[in-house]
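Q: Residue numbers (my numbering), protein chains in the order written: chain A, 1 to 449; chain B, 1 to 452.
Quick caveat, the hints were computed from the structure, so don't treat them as lab data. Check the hints yourself; a few may be wrong.
Below, simulated DSSO-like cross-link-like pairs (lysine-lysine); rule was C-alpha separation at most 27 angstroms, straight line [said to hold, decoys possible]:
{"hint": "1", "chain 1": "A", "residue 1": "344", "chain 2": "A", "residue 2": "392"}
{"hint": "2", "chain 1": "A", "residue 1": "392", "chain 2": "A", "residue 2": "258"}
{"hint": "3", "chain 1": "A", "residue 1": "392", "chain 2": "A", "residue 2": "379"}
{"hint": "4", "chain 1": "A", "residue 1": "258", "chain 2": "A", "residue 2": "379"}
{"hint": "5", "chain 1": "B", "residue 1": "365", "chain 2": "A", "residue 2": "258"}
{"hint": "6", "chain 1": "B", "residue 1": "267", "chain 2": "A", "residue 2": "258"}
Just so it is clear, the structure is predicted and the values come from calculations on it, not from any experiment.
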Amino acid sequence: MRELPWPARVYIVALVTVAVVVIGRAFVREGGLGGPDWRTLIVLALLFLVCESVPTLLNVEQTAVSVSFSAVLAAVVLVGPLGAALVGTVAVLSVRPGLPLVKRLFNGAQFALCGYAAGEVYLLAGGPAAPPVDRFADLIGPYAAAAAVFVPLNVLQMAIMLRLASVVRGDQLPVRDTARFFASYLGYATFGLLIAGLWATVQSISAVLVLLPMFVARWAFGQYRAQERSYEATMAALCQAVETKDYYTRGHCMRVSKAATMIAEEIGMGGERLRAIRYAGMLHDVGKLGVPTKVLQKEGSLTEEEFAAIQLHPMRGLEIVRGIDFLDEAFAGIMHHHERHDGKGYPMGLAGDEIPEFARVIAVADAFDSMTSDRSYRKAKSPETAIAELVKNAGTQFDPYMVDAFVAAVRRHGWEPPERVPAPPTDSPQTVIKDHDDPTTPIQVASER
Amino acid sequence: MTTRQRPSRSPRSDSPAGGHAGRHVRGTGPLRRLGTVQLLLGVAAALLTVAGVAHVAATRVVDPDVAMAFGALIACGELARMAMPGNREVAPISTAAALGYAMLLDVERHAAGHSALQVIAVTAVGMIAGALPHLAVGRPPQMDAMARRLLAVALLAVVYRPLSDALYASTGYGSVQGMWWIPLGTMVVMVAAMLHVDVAIAAALRAERVRTAFRVAVRDEMRMAGPLGAAVGASGTLLALASHSMGLVALLVFAAPLLVTQVAFRKYAGIRATYLQTVRALARVPEVGGYVDHGHSRRVARLSVAIGRELGMSEPELLELEYAALMHDIGQLSLADPIPGGATVLTDPKQARRIAELGAEVISKTGVLDRVAEIVRRQCDPPGPGVPAASRIIKVANAYDDLVGASSDRDRAAAALDRLRADAGEEFDPAVVEAMVAVSGTAAAVARQRGR
Numbered sequence: 001m002r003e004l005p006w007p008a009r010v011y012i013v014a015l016v017t018v019a020v021v022v023i024g025r026a027f028v029r030e031g032g033l034g035g036p037d038w039r040t041l042i043v044l045a046l047l048f049l050v051c052e053s054v055p056t057l058l059n060v061e062q063t064a065v066s067v068s069f070s071a072v073l074a075a076v077v078l079v080g081p082l083g084a085a086l087v088g089t090v091a092v093l094s095v096r097p098g099l100p101l102v103k104r105l106f107n108g109a110q111f112a113l114c115g116y117a118a119g120e121v122y123l124l125a126g127g128p129a130a131p132p133v134d135r136f137a138d139l140i141g142p143y144a145a146a147a148a149v150f151v152p153l154n155v156l157q158m159a160i161m162l163r164l165a166s167v168v169r170g171d172q173l174p175v176r177d178t179a180r181f182f183a184s185y186l187g188y189a190t191f192g193l194l195i196a197g198l199w200a201t202v203q204s205i206s207a208v209l210v211l212l213p214m215f216v217a218r219w220a221f222g223q224y225r226a227q228e229r230s231y232e233a234t235m236a237a238l239c240q241a242v243e244t245k246d247y248y249t250r251g252h253c254m255r256v257s258k259a260a261t262m263i264a265e266e267i268g269m270g271g272e273r274l275r276a277i278r279y280a281g282m283l284h285d286v287g288k289l290g291v292p293t294k295v296l297q298k299e300g301s302l303t304e305e306e307f308a309a310i311q312l313h314p315m316r317g318l319e320i321v322r323g324i325d326f327l328d329e330a331f332a333g334i335m336h337h338h339e340r341h342d343g344k345g346y347p348m349g350l351a352g353d354e355i356p357e358f359a360r361v362i363a364v365a366d367a368f369d370s371m372t373s374d375r376s377y378r379k380a381k382s383p384e385t386a387i388a389e390l391v392k393n394a395g396t397q398f399d400p401y402m403v404d405a406f407v408a409a410v411r412r413h414g415w416e417p418p419e420r421v422p423a424p425p426t427d428s429p430q431t432v433i434k435d436h437d438d439p440t441t442p443i444q445v446a447s448e449r
Numbered sequence: 001m002t003t004r005q006r007p008s009r010s011p012r013s014d015s016p017a018g019g020h021a022g023r024h025v026r027g028t029g030p031l032r033r034l035g036t037v038q039l040l041l042g043v044a045a046a047l048l049t050v051a052g053v054a055h056v057a058a059t060r061v062v063d064p065d066v067a068m069a070f071g072a073l074i075a076c077g078e079l080a081r082m083a084m085p086g087n088r089e090v091a092p093i094s095t096a097a098a099l100g101y102a103m104l105l106d107v108e109r110h111a112a113g114h115s116a117l118q119v120i121a122v123t124a125v126g127m128i129a130g131a132l133p134h135l136a137v138g139r140p141p142q143m144d145a146m147a148r149r150l151l152a153v154a155l156l157a158v159v160y161r162p163l164s165d166a167l168y169a170s171t172g173y174g175s176v177q178g179m180w181w182i183p184l185g186t187m188v189v190m191v192a193a194m195l196h197v198d199v200a201i202a203a204a205l206r207a208e209r210v211r212t213a214f215r216v217a218v219r220d221e222m223r224m225a226g227p228l229g230a231a232v233g234a235s236g237t238l239l240a241l242a243s244h245s246m247g248l249v250a251l252l253v254f255a256a257p258l259l260v261t262q263v264a265f266r267k268y269a270g271i272r273a274t275y276l277q278t279v280r281a282l283a284r285v286p287e288v289g290g291y292v293d294h295g296h297s298r299r300v301a302r303l304s305v306a307i308g309r310e311l312g313m314s315e316p317e318l319l320e321l322e323y324a325a326l327m328h329d330i331g332q333l334s335l336a337d338p339i340p341g342g343a344t345v346l347t348d349p350k351q352a353r354r355i356a357e358l359g360a361e362v363i364s365k366t367g368v369l370d371r372v373a374e375i376v377r378r379q380c381d382p383p384g385p386g387v388p389a390a391s392r393i394i395k396v397a398n399a400y401d402d403l404v405g406a407s408s409d410r411d412r413a414a415a416a417l418d419r420l421r422a423d424a425g426e427e428f429d430p431a432v433v434e435a436m437v438a439v440s441g442t443a444a445a446v447a448r449q450r451g452r
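With the rest of the complex left out, here is chain A:
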């Protein structure tokens, strides 16, 4: 892990100091060790430790929310503010591998503070201490109040920490993630309530019963993630396999996918659509395989028949991927990625807004990568030149909005052009003489007469 900047360290020291003072004061007030119910506290602390030590469900890596949250909230009800604070400090002992001491200290301190504050609020709101069985209804209101204090406090401390450690810039926590964040907090809070409510009947077994489905869910999410990674790798490998025929276009599909994703992010696509356009970028040229190699290789102008064969490739591509349900909107993107803004493209000759959004995105990404890659007939253009070319053709070939978005995205994130391609070895598969994706070398069609 990188060294933390000094403000972050000062912040951590301050948090730890406050936590120690708060716990110390509570100890004195509650008359030392006689205060909380130690047996319950130890069980909850163990529970907290188990939960804390399993990695998170959420995909925002730096801001891991774990089930341990439920344990602290249950402690708020069962063992009071001091107990909750003590359970929170256990975060220091988390056995998650590779967690540096600073981070542990921060986690412990902030959990302790949140737990303590939530505990005080719970008592203020009139929550019964160590509730007997039949008073569950009295529990709900104060519990909700406690959770309502815990969560923002937790988020605030985290956010300050992240800002100070400059891991994430302020504008990089998108709203969608925040929503999911709060949803999961709400879920975990419910589990805490269940654990607390059931404690009177079956004690620690209640935690097992509540958390078993959670752990199964976590397992299933893990499986899901593994499958998804595997899926991505398979998709990439298969798309690349389609390209092996042409020495120069290797890696094209992955780069188009990346550029298309950049545009899509820039124009505010998210979630499922973003995922779909990523795959659409990868798959946009699968249909090219249906074009006979000799047509792709042909020097000079094409006959109309040969041009028709090329024009057909987006439809072929669509035909192949049609069976993949989730792509859905991406189908249109694959089908129409050679349409032009002025209506002179193929296969349908759509113009302007008639062209599906996905296709307009992919068209820009496709042309850009084609220009910035080496071809047998020319060297790669620099990204600057290629962008100038895109801007020049905005409004005729490309949707100006998408070009603007792409220019902004490249300015922000930069673009890594593919490596120089050395001259192909003589026994390699043949190469395309003309690239139909390249806007600077339009296809010439010889008239039949």
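Fit chain B to the given chain A structure using the hints.
A: Coordinates of chain B only, in the frame set by chain A:
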């Protein structure tokens, strides 16, 4: 009248990974013959429903509000049913709610006095109510899956309900000092037993439906149902216990953990289906490129899976087999130009081996499908030690499809089988060839021809 088809080719398709829209199916029709297990299960479920509803109608509903609440939750759970990989329909929330109702001891210290028959009635009515909206939009439930869910709960209720008074007494009628360990232990043991019975029924159904060995089916069902079953069982128990202190509010809060679980499983099932769809789609790339016969990879995959099942392969193995069979010709993409005619059984063995090598290379680039790559690599090898069973299967299925293709001519199929048999031992694994004969359904035709 419709002629009766072989029951083994059931319309509900037989892939290990499910999601088989629009697959070619033989033997569909309204008169699809039901399997014995399926029939027994259906009859049992219908009888139970009738008995339960009749009982409740004849006597009166004990604690109608509680019954209503649980019934509503069961209906919601049924509405949120989902399909696990392998086209297994599950409704975790519905099942957990039914379990909770079956094992209920009290609601806020008011002892629950409902009978097992009432549990059955409430569950059945709830399930039917939840299935109706689906039916209205043209998505009929899997009747046997529904029947199974009902039967499992019914079994538990019949065993548990008579004990509920005694168990409740053992807690000191819900007093604070009471012991909850005895009911808790009973619940855990009974739920575990019920889950096992359920797995056994599911396995019997599956064995019958896709013609696999019962032993293999039990293992597959265990693997599939284990984690979700544990979550459902825990939630059911939780619900029964929580009603004691929380009352019917428990129904609302308890569903939360299970909802998360269900979301997770739904995503998992979704990506599994997508994965398979994608491999299926991209396996067609060589076809579009004119490298192989149209529909070849799908036919080989379908045949391979059928043979693999006949040979007693488990579902994960079958999935690998299916992937490998779908992609067995992917290596052709690396060739400069299509081999004229495509068929690889007739091309020279060196070329075929090279295609296998290239294909394996492509697949191993994924970094995750190593075993699939190995299967594809060895697809041309003559049977011998070290050649994966899946490779031998693909070799046979591939040769068969090269000879027969999309044709449904019986004589041609029989001739192809004869040819495979003639080469069994040297070129093909004899056990695989025999399995192929069994699944191709032309064994009779072959025999007839021999007799001539």
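Q: Are the hints correct? Go through all of them and say.
A: Hint-by-hint comparison with the structure:
At most 27 angstroms may separate the alpha-carbon atoms for a hinted pair to count; residue 344(A) and residue 392(A) meet this at roughly 17 angstroms. Taken as a hint, the residue 392(A) and residue 258(A) pair is honoured in the structure, with Cα atoms around 22 angstroms apart against an allowance of 27 angstroms. In summary, the hint linking residue 392(A) to residue 379(A) is supported, as the alpha carbons are separated by about 20 angstroms, within the 27 angstroms threshold. The straight-line distance between the Cα atoms of residue 258(A) and residue 379(A) is roughly 22 angstroms, inside the 27 angstroms bound, and the hint therefore holds.
About 19 angstroms separates the Cα atoms of residue 365(B) and residue 258(A), which keeps this hinted pair within 27 angstroms; it holds. With a CA separation close to 24 angstroms, the supplied pair residue 267(B) and residue 258(A) stays within the 27 angstroms bound.
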